[in-house]
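Trainee: Sequence:
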Amino acid sequence: MQKLSEAEIIAKLQARQTFECQIKDGSFYIKVDAYVPTICTAIHAGSQFREALKRKCLLNQDERYYEEDPHTDQFIQALPITLIGNDSRYEYDLNRPLASCVYNTAWGKKVWTKNLTTSERKVSTAKHQQFYRVLDELIKQIELQFGAAILFDIHSYNGIRKGESSPVFNIGTEQINLERWRPMVDKSLLLLSQISLPNLQTTAEENAVFWGRGYMISHVNSRFQNTLVLPLEVKKIYMNELNGEAFPIVIQELSSQLKDVISDISAQFMRRYTFKKRVQKSVIQGETLEPAVLKLDKELYALAKGLDTLHYINPINAESEKRKFLKSKASYRPNFHYRQLELDPYAFREKLYRLSINEIRDPKIQQLYRDVINMLSDKASLLAHIGKPNFLYESLKYYGEPHELDEKNAAFILHAAPFQEDELKSFDSIKLASAFHKQALDWGMNCKIEPSNKIVAAAMVSNARKAVLISKSAKLTQTEANALLHHELGVHMATTLNALNCPLKVFSIGLPKNTFTQEGLAILNEYQSGNMTLARLRTLALRVIAVKDMLKNNDFRHTFNLLKEEYQASDQQAYTTTLRVYRGGGFTKDYLYLSGVSRALTLQSQQDISNLYIGKTGFDYLEVLNEMVSRNLIIAPKFVPDHLTNPINTNPVLDYIMDCIASHQIGKVA
1 MQKLSEAEII
11 AKLQARQTFE
21 CQIKDGSFYI
31 KVDAYVPTIC
41 TAIHAGSQFR
51 EALKRKCLLN
61 QDERYYEEDP
71 HTDQFIQALP
81 ITLIGNDSRY
91 EYDLNRPLAS
101 CVYNTAWGKK
111 VWTKNLTTSE
121 RKVSTAKHQQ
131 FYRVLDELIK
141 QIELQFGAAI
151 LFDIHSYNGI
161 RKGESSPVFN
171 IGTEQINLER
181 WRPMVDKSLL
191 LLSQISLPNL
201 QTTAEENAVF
211 WGRGYMISHV
221 NSRFQNTLVL
231 PLEVKKIYMN
241 ELNGEAFPIV
251 IQELSSQLKD
261 VISDISAQFM
271 RRYTFKKRVQ
281 KSVIQGETLE
291 PAVLKLDKEL
301 YALAKGLDTL
311 HYINPINAES
321 EKRKFLKSKA
331 SYRPNFHYRQ
341 LELDPYAFRE
351 KLYRLSINEI
361 RDPKIQQLYR
371 DVINMLSDKA
381 SLLAHIGKPN
391 FLYESLKYYG
401 EPHELDEKNA
411 AFILHAAPFQ
421 EDELKSFDSI
431 KLASAFHKQA
441 LDWGMNCKIE
451 PSNKIVAAAM
461 VSNARKAVLI
471 SKSAKLTQTE
481 ANALLHHELG
491 VHMATTLNAL
501 NCPLKVFSIG
511 LPKNTFTQEG
521 LAILNEYQSG
531 NMTLARLRTL
541 ALRVIAVKDM
551 LKNNDFRHTF
561 NLLKEEYQAS
571 DQQAYTTTLR
581 VYRGGGFTKD
591 YLYLSGVSRA
601 LTLQSQQDIS
611 NLYIGKTGFD
621 YLEVLNEMVS
631 RNLIIAPKFV
641 PDHLTNPINT
651 NPVLDYIMDC
661 IASHQIGKVA
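According to my numbering, the sequence shown is numbered sequentially starting from 1.
Just so you know, the hints here were simulated from the structure itself, not pulled from any lab data. Just so you know, even glycine gets a beta-carbon here, dropped at the ideal spot from N, CA and C. Some hints could be false.
[Unchecked claim] The following label-pair restraints were derived from C-beta to C-beta distances:
{"#": "1", "residue 1": "Arg339", "residue 2": "Gln572", "range": "16 to 26 Å"}
{"#": "2", "residue 1": "Thr118", "residue 2": "Asn226", "range": "11 to 21 Å"}
{"#": "3", "residue 1": "Arg272", "residue 2": "Ser663", "range": "38 to 48 Å"}
{"#": "4", "residue 1": "Glu8", "residue 2": "Arg271", "range": "30 to 40 Å"}
{"#": "5", "residue 1": "Asp264", "residue 2": "Gln572", "range": "49 to 59 Å"}
[Stated by the list, open to error] Straight-line Cα separation of at most 30 Å, DSBU-like style, residue types lysine-lysine; simulated pairs:
{"#": "6", "residue 1": "Lys564", "residue 2": "Lys324"}
{"#": "7", "residue 1": "Lys472", "residue 2": "Lys327"}
{"#": "8", "residue 1": "Lys295", "residue 2": "Lys277"}
{"#": "9", "residue 1": "Lys454", "residue 2": "Lys295"}
{"#": "10", "residue 1": "Lys454", "residue 2": "Lys329"}
{"#": "11", "residue 1": "Lys364", "residue 2": "Lys277"}
{"#": "12", "residue 1": "Lys329", "residue 2": "Lys277"}
{"#": "13", "residue 1": "Lys388", "residue 2": "Lys425"}
{"#": "14", "residue 1": "Lys327", "residue 2": "Lys552"}
{"#": "15", "residue 1": "Lys564", "residue 2": "Lys327"}
{"#": "16", "residue 1": "Lys466", "residue 2": "Lys425"}
{"#": "17", "residue 1": "Lys277", "residue 2": "Lys140"}
{"#": "18", "residue 1": "Lys552", "residue 2": "Lys305"}
Could you build the full structure based on these sequences and the hints that come with them?
Mentor: Structure representation (structure tokens):
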């Protein structure tokens with residue numbers, strides 16, 4: 001962290017330069033990532049105390065800490081302009097006038113063993129004056145640029161002292177010109193009351209426990225007519241007030257949601273009171289990726305880039321075991337072999353959890369990377385147990401299992417009467433590869449098409465090789481080939497290439513539940529491109545049945561016979577479906593295709609989902625992705641299926657089935 005003098009900081013402000021630094025004496029920190037009319041301060045966040053004063057202080061560190069505002073700096077660290085006090089309020093209090101900023105007694109306790117000398121007081125008061133000179137210059141420049149500014153003056157208070165009924169958030173308005181600023185106060189109280197915290201009821205009130213009588217607001221009011229100061233007190237529900245232990249999950253939630261609240265309030269303030277009448281909240285949140293994000297992303301990608309589940313989960317002797325099984329008329333129990341794992345899972349997890357995640361300021365982006373790290377840890381455990389007895393447990397932990405609705409969807413589809421879909425299987429691997437080549441060229445996709453005898457499916461995308469692998473044994477109809485093009489190229493390859501265009505490699509690694517999302521989007525594209533068939537839906541439904549039977553009976557032969565006898569699957573289809581769910585020792589992934597398209601259909605009916613195609617994303621992260629695109633932190637996806645906004649619906653029976661799946665009405669019509 002660079003250290004600058006007061007003169008250097010003021011010069012940067014006057015030149016409208018972005019910067020981040022501590023003042024040379026270390027008494028406060030300032031960050032200006034962008035010039036916006038929103039300033040956030042946490043003047044009591046610090047605990048620094050001059051060594052010369054410690055010897056004279058009657059209060060120990062814990063006693064001082066109790067009255068300070070720990071973690072309030074974290075609440076605002078993602079905002080573009082922040083000013084943080086590093087020194088303890090017991091050295092000098094920035095929220096008291098200069099003449100009384102050094103306490104003699106505080107909260108009924110005497111502070112010093114003997115009176116401070118004039119020179120000792122002078123050092124403290126000089127820091128107080130220095131802080132306000134910098135703040136004044138900052139506000140001056142903001143008002144010159146925007147005509148008005150809003151300052152969020154963030155504090156915390158001890159709820160034990162005020163009683164259980166005291167609000168989580170308190171805005172003190174005694175010094176606010178409510179005739180002018182009332183709309184912003186009301187908006188703030190409304191948004192704060194809507195914050196949702198784990199195991200806590202959120203309340204926001206005006207002047208319930210504090211009235212906003214501090215020096216910060218009076219200082220600004222006396223010098224600037226067009227700056228609104230909102231003194232905000234947060235009850236210390238994010239920590240144990242008595243022993244100082246923090247509650248990290250609550251702090252994370254507070255930081256994330258306060259960022260959104262402050263951004264929303266600021267956007268409204270800008271539209272109403274500044275020269276900028278058209279503004280989105282993304283302007284307030286900043287439009288530059290933090291160096292800490294780029295650093296972590298690079299380190300994470302270096303660790304995780306070779307972690308390919310399908311490379312290890314597909315048996316290397318699948319074809320020979322198939323021949324033995326079918327020759328034995330389903331009496332032989334297949335014995336699959338797998339590639340050796342080129343990874344020490346324990347060392348891998350150790351390296352994952354050493355990554356510097358806490359250096360990321362933006363709470364939502366930090367949480368995204370936390371989730372990815374946890375996912376990769378689970379994935380390493382999954383891969384380490386391929387072919388071992390407890391692989392099924394790892395698969396359940398990673399992918400989950402079919403829910404009742406998934407089973408109802410599958411039963412509904414399998415119950416549907418078949419209709420004429422007779423087509424010759426005229427597409428072998430050579431013809432299929434040619435079709436993929438042509439389509440990739442038409443869509444402008446720079447990727448390879450390669451034959452393979454090592455994959456279970458007819459085709460699959462290798463992200464690492466930027467290639468579509470075509471099974472040498474593939475045999476498909478024209479419609480099946482078209483569906484596969486829209487599935488593999490239209491979604492899996494599209495998201496692979498989009499991720500490569502993104503400055504963050506995390507979208508190549510994949511977000512949590514990216515398999516669920518990818519397969520849901522891929523099946524959606526098959527349907528919306530007009531290439532879905534009832535036979536294809538029945539295949540997806542059979543996968544759900546197979547996963548459920550595997551979990552219940554754990555017998556390859558039983559599942560194979562169930563699919564043949566109960567659902568009239570062919571030997572080829574029954575074997576392939578059964579192999580898919582038994583590989584590794586019990587692979588539950590295959591139920592995700594049907595549940596994924598159900599989620600995709602539902603989500604698309606509610607909002608634009610195109611940003612899910614940025615890379616290997618997850619449905620649960622769409623809000624974060626939308627925010628990151630709006631802030632220009634990542635670019636919108638280049639390759640998005642044409643039929644996402646212009647679907648082809650050619651079969652009323654299929655439309656009805658898909659509508660039922662999307663609207664969760666299966667129980668009413670099955």
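Trainee: Which earlier hints can't be squared with this structure?
Mentor: 2, 8, 9, 12, 13, 18
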